[in-house]
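Undergrad: Here is what each chain is made of, one letter per residue.
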Amino acid sequence: MTTAFAPLPTTASASGSVASTTTESIVFAPTPLQAYLMRIGDTCLIHTQRLAEWSGHAPILEEDIALTNLALDLVGQARALLTHVGRQTGFDEDQLAFLRNERDFRNVTLVELPGRRAGRDFADAVVRNFLLAAWMNVLWSKLESSSDAEIAAIAGKAVKESRYHVAHAADWVVRLGDGTDESMRRTRQAVDRLWPYTAELFETDGIDTAAAEAGLGPMRVSLKAEWDAIVAPVFAEAGLNIPATGAFRSTGTRGVHSEHMGYLLAEMQTLQRTLPGGQW
Amino acid sequence: MTASKTDIANAEAQAHEWPLWEVFVRPKAGLDHKHCGSLHAADSKMALQLAREVYTRRQEGISVWIVRSDQIVASDPADKAMLFDPMEDKVYRHPTFYELPPEVGHM
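Chains A and B are the protein sequences, given in the same order.
Just so you know, we're using my numbering here: the first sequence kicks off at 14 and counts up by one.
Just so you know, we're using my numbering here: the second sequence kicks off at 64 and counts up by one.
Do not rely on the hints blindly, as some may be mistaken.
[Claimed, not checked] Where chain A lies over chain B, by a calculated footprint (3+ residues, C-beta under 8 Å):
(1) 94-107
(2) 116-125
[Unchecked claim] Computed beta-carbon distance windows for the label pairs:
(3) B:S107 x A:L85: 24 to 32 Å
(4) B:S132 x A:K237: 43 to 51 Å
(5) B:R156 x A:G169: 49 to 57 Å
(6) A:A166 x B:S107: 50 to 58 Å
(7) B:H79 x A:E37: 38 to 46 Å
(8) A:E115 x B:W128: 29 to 37 Å
(9) B:P140 x A:G290: 52 to 60 Å
(10) A:Q202 x B:A141: 47 to 55 Å
None of these hints come from the bench; they were simulated from the model.
Every value quoted in this text rests on a predicted model; they were computed, and no experiment measured them.
Glycine residues also receive a C-beta, built at the ideal position from the N, C-alpha and C atoms.
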């Protein structure tokens, strides 16, 4: 494959070899406890990547800044978790974010689904933000009592951020759901489209069990009741029905992603893979 | 009285636009809320959230006030001379004619 990139800048050549156009992926074999944390970190990271598509495109200037602020909170949370796991596995946060292959990402599939650039509207962003913020808020509040002191500290900061994310997103869900005929139609479509992917947020597997036994963090299934308690009243106020959960299960947390993930990673990783170790 | 074309255009624009709000931020306890800008929002709840997003993202404050811009009663700039110029020659209203004892130091 030939490269379409312009000649490499001199700052890159100072760091050593820049001849190859693609950097090798790292070999990342996390323990179950590390995988547990990567699920959360990757969910924050990939959610950020999709949210960034809204930068410069939100319906009003102030909400544009709000979505960017939200993304910056999330990337901060992702960095904290990736740095923490990286310290245990001998990688830095950039290597973990930009040099892993698709199968090594463990984010929930919900966050990688197509976003604004694929034609999804603002209602999609609002509903997605709300469902995830509610989940993250319950998760962070439980991680505050993690047996890992650093995770507890990260959670202590993140839970405040996520509480605001819930409030902000919930407000928009009600505005759009209980707004005009058009905003209601679009919001219902977004709920129908995204809801099937929420089942994965509450599944249980060996990684959840290991984390719960070690006191590192809660099993996903234990978040369900509190998540319902956040989502149900907001949906009721917005005039939205909570869809029935079908048999479909997405599998991003197991590393098996939707067809959209490869494109997302290609874009997210291209700079580091072309100019490894590049900083700005 | 007939409305001018500009008045009609303004009224139509307002009917489709969210109202304007003025934002006041208190930098820290003990200091006053200070006017820092304005924004458009559909209602007070949204205005408060967006004020937080736009005007406190660099730790500018610990408290925010918002006020509908059209609720502010302002003096007419054309009355500036009448209202404020007469104070120009009344320097005796400033407490600058007292002699401070040295032990008071800077005041």
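Undergrad: Confirm or reject the claim that B:R156 and A:G169 have a C-beta distance inside 49 to 57 Å.
TA: Between B:R156 and A:G169, where Cβ atoms are some 53 Å apart, the hint holds.
Undergrad: Please check whether the region 116-125 of chain B has three or more residues whose CB lies within less than 8 Å of a CB on chain A.
TA: This one holds; 3 residues, not fewer than the three required, reach chain A with a Cβ under 8 Å.
Undergrad: Take a look at whether the Cβ-Cβ distance between B:S132 and A:K237 falls inside 43 to 51 Å.
TA: holds (45 Å)
Undergrad: Take a look at whether the Cβ-Cβ distance between B:S107 and A:L85 falls inside 24 to 32 Å.
TA: Check passed, 26 Å falls within 24 to 32 Å.
Undergrad: If you count the residues of the region 94-107 of chain B with a beta-carbon closer than 8 Å to a beta-carbon of chain A, do you get 3 or more?
TA: Check passed, 4 qualifying residues.
Undergrad: Has the hinted range 38 to 46 Å been met by the Cβ atoms of B:H79 and A:E37?
TA: violated (55 Å)
Undergrad: Verify the CB-CB distance for A:A166 and B:S107 against the hinted window 50 to 58 Å.
TA: violated (35 Å)
Undergrad: A range of 29 to 37 Å was offered for this pair. Does it hold for the Cβ distance of A:E115 and B:W128?
TA: Given range 29 to 37 Å: violated, Cβ gap about 49 Å.
Undergrad: Falls inside 47 to 55 Å, the C-beta gap from A:Q202 to B:A141?
TA: holds (53 Å)
Undergrad: Can the suggested window of 52 to 60 Å be confirmed for the beta-carbon pair B:P140 and A:G290?
TA: Holds: the Cβ-Cβ distance is about 58 Å, inside 52 to 60 Å.
Hints 6, 7 and 8, counting from the list given before, are not met by this structure.
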